[in-house]
Amino acid sequence: MANLAVRRFAALLRKESLQIVRDPSSILIAVVLPLILLFLFGYGISLDATRVKIGIAIESNSAPANALASAFRISPYFDAVGARDRRELESEMVAGRLKGIVVIPAEFGENFARSPETATIQIIADGSNPNTARFVTNYARGVWGNWQRQMLAETGGREALVRTEARVWFNPELKSRYFLVPGSIAIVMTLIGTLLTALVVAREWERGTMEAMMATPVGVLQLLAGKLIPYYVLALASMSVCTIIATLLFDVPMRGSVFALFVIATAFLFPALGQGLLISAVTKNQFVAAQAALLSGFLPAMLLSGFIFEIDSMPVVIQWISYIVPARYLIPCLQTVFLAGDIWSLFLPNIGQMLLIGSVLFVAAVRNTRKRLD
Amino acid sequence: MWRRLSALIRKELLVILRDPKSRVLLIGPPLLQLILFSYATTLDVTNVSIGVLNQDPGRWSVEFISRIQGSSVFREITPLHRISDIREAIDNQKVIAAVHFGADFSRNIEAGVPADLQIMLDGRRSNAAQIVNGYLDQIANAVNAEASSRQGRRVAGDNVLERYWFNPSLEFTWFTVPNLVGSIALLISLMVTGQSVARERELGTHEQLMVSPLRVHEILLGKTLPPLVVGLFHSTMFVLATVFLFEVPLRGSLIMLYLSLVLYLVCVIGVGLFISSIAQTQQQAFLGVFLFAAPAILLSGFATPIDNMPDWLQTFTMINPLRHFLVIIKGVFLSAMPANELLTHSIPLLLIATFTLGAASIFFRRRIG
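As you go down the protein sequences, you meet chains U and Z in turn.
Heads up: the first sequence begins at 1 in this note's numbering, then just goes up one per residue.
Heads up: the second sequence begins at 1 in this note's numbering, then just goes up one per residue.
What the hints contain is simulated information worked out from the structure, not anything from laboratory work.
Every value quoted in this text rests on a predicted model; they were computed, and no experiment measured them.
There's no promise every hint is true.
As the list claims (entries may be wrong) - Sample of chain U residues at the chain Z side, in silico, Cβ under 10 Å: (1) GLN19; (2) VAL52; (3) ILE121; (4) GLN122; (5) GLY208; (6) MET210; (7) GLN335; (8) ALA340.
From the three backbone atoms N, C-alpha and C, an ideal C-beta is built for every residue, glycine too.
Make the full structure from the sequences, and use the hints.
Printed below as a string of structure tokens:
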């Protein structure tokens, strides 16, 4: 009898796996989309502004003004164009071609000759993108400060009394790619776990094959396990491919263990698959299931998980919503396993949260599936 | 011809609006998304926690810490007691950064010797870490200025006048809301049109439509106008929310905005019809829409600036209608971009619209056989 159950289950697994392999849309979601997303996040998406286009208005005709202007020109952070008047540059900034203007005012040379520490410059940045604007002012201040100190040292001034020495752990070169690429693996697993599962199971409900399966001697739990195990394997396979590309092609370090990565991924797929199953069981309609998976799975994983946007900076109400987004717990784990190493004191509480959300979703999914049978 | 066409348009509008479920999907979620995501998608850094290891008995570290407390950037200061606490706090992401004052920090300052201050940052969140570091540097400059002036030293002051154009207090929502308007309009228009041809094909009504007296260009017009009306309705709702709810200033020409909006929506509807024409089923159409929308939004300059991308990718983004529309909508709302600039950015939209509608009509016709 037990033997029969095992054989029945194996047949079910085989059927479900074949269905995945034969269905073009599952190939699209599990292979094509992850690769596209990974390449977009690896190549396209970068928060590291390098060589931002700025203008320098050198309104002062003096040696120090020219020296300062060339300090901006050689800075690796800026691609600077010079002008004699700020008005020449202002229209370029309105048109969006310059992200900022450094004004060295007409009285700069005179002030500098009198006493170098009183010479003032002006930094105007395009605030329509606040992140870039802040980058422009921070780095322009850096160029200006260095130049000032250098000049002061040459004219017999003394060093600053408070010196900061910043060290960035795990990512000393501050490459945003290092946290975006691991984060995109969370998006890929959400796509397979929630979107694909919701779509495929909803299609079975739509076509009535789900009811047909329920009429067989296979139990509900066995049926659901048979459906989910192939997707679980598929998601892990996709994650592995992404990890290989991330480390080999995008040079993202892998400082933790592969074991930890699989444990984390498994913990995440529990709520992700549960969500997909629940959506399909409730909607039983492909179109609505797709919309629901997009709205409740993909978009929150993208926006409310801390992947790009800092959760701490969001309004409190939105922070509360983020607590029920499974990806919120996955993102710090993924970033840690790639960049920092195996820090189980961080993994375990997050894994616990994911399993908790997963249990709630699974109970709801099984209930909704059973209800249909009555 | 006009009566035939108006009948088709009526039918298409009915398809979109008749079903109560899709009617709800059409109005509720987009507005909800706009509101929810406007507040969520911020690259601002506020309310972060910072750790402080203070081994300095003097007053200057206290001065420094009180300035950290006074800043809105930091929500909570976690006192640390040992060097090993720093590792533990950062590793577990309890703090994004830790500041370490050595035992001789104040003594050095009083003696007129440069005092070093260590800042440790979590590179797993490198963007936020950089911004936090910028704030700490500013505090260090201020403390430095105060200490120096007390000792009558000549130091370089913070002689910078900082100004932000178009968004003087760097409100992040002024950036996100116009971006979201373009992105959500893209998603809705694609969803509505992506399904339209695929659904008819699945239901078998596509052939009926083709044997009707309607010409192909009439059918195409009938399939384009209703989503355009729906899209304009949504966009108007969004523009109103942007102005009255989010209080983003509207500085440029509203006429130019609507002109480019129509071009933009036609581009997107063309893409949607194209996807719909080549898809066999509604599910494939949905995936096609997703396959287009995800890169379109990621490569639009919304999440990250186009300038940060490699050159070849920057060139590639020229075919992305959202990219051009975002320049226009931000230009109209924030920077009062002059009309000739707006027209320059509208030309690519016109070209893309011609291409996508043309491609859709070719595939639409071909699939009949």
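Evaluation of the provided hints:
1. GLN19: Given a least distance of 14 Å, the restraint on GLN19 (chain U) is violated.
2. VAL52: holds (7 Å)
3. ILE121: Result: holds, 6 Å to nearest chain Z Cβ.
4. GLN122: This interface hint holds because 4 Å falls under the 10 Å limit.
5. GLY208: With Cβ-Cβ at 16 Å, over 10 Å, it is violated.
6. MET210: violated (16 Å)
7. GLN335: holds (4 Å)
8. ALA340: holds (6 Å)
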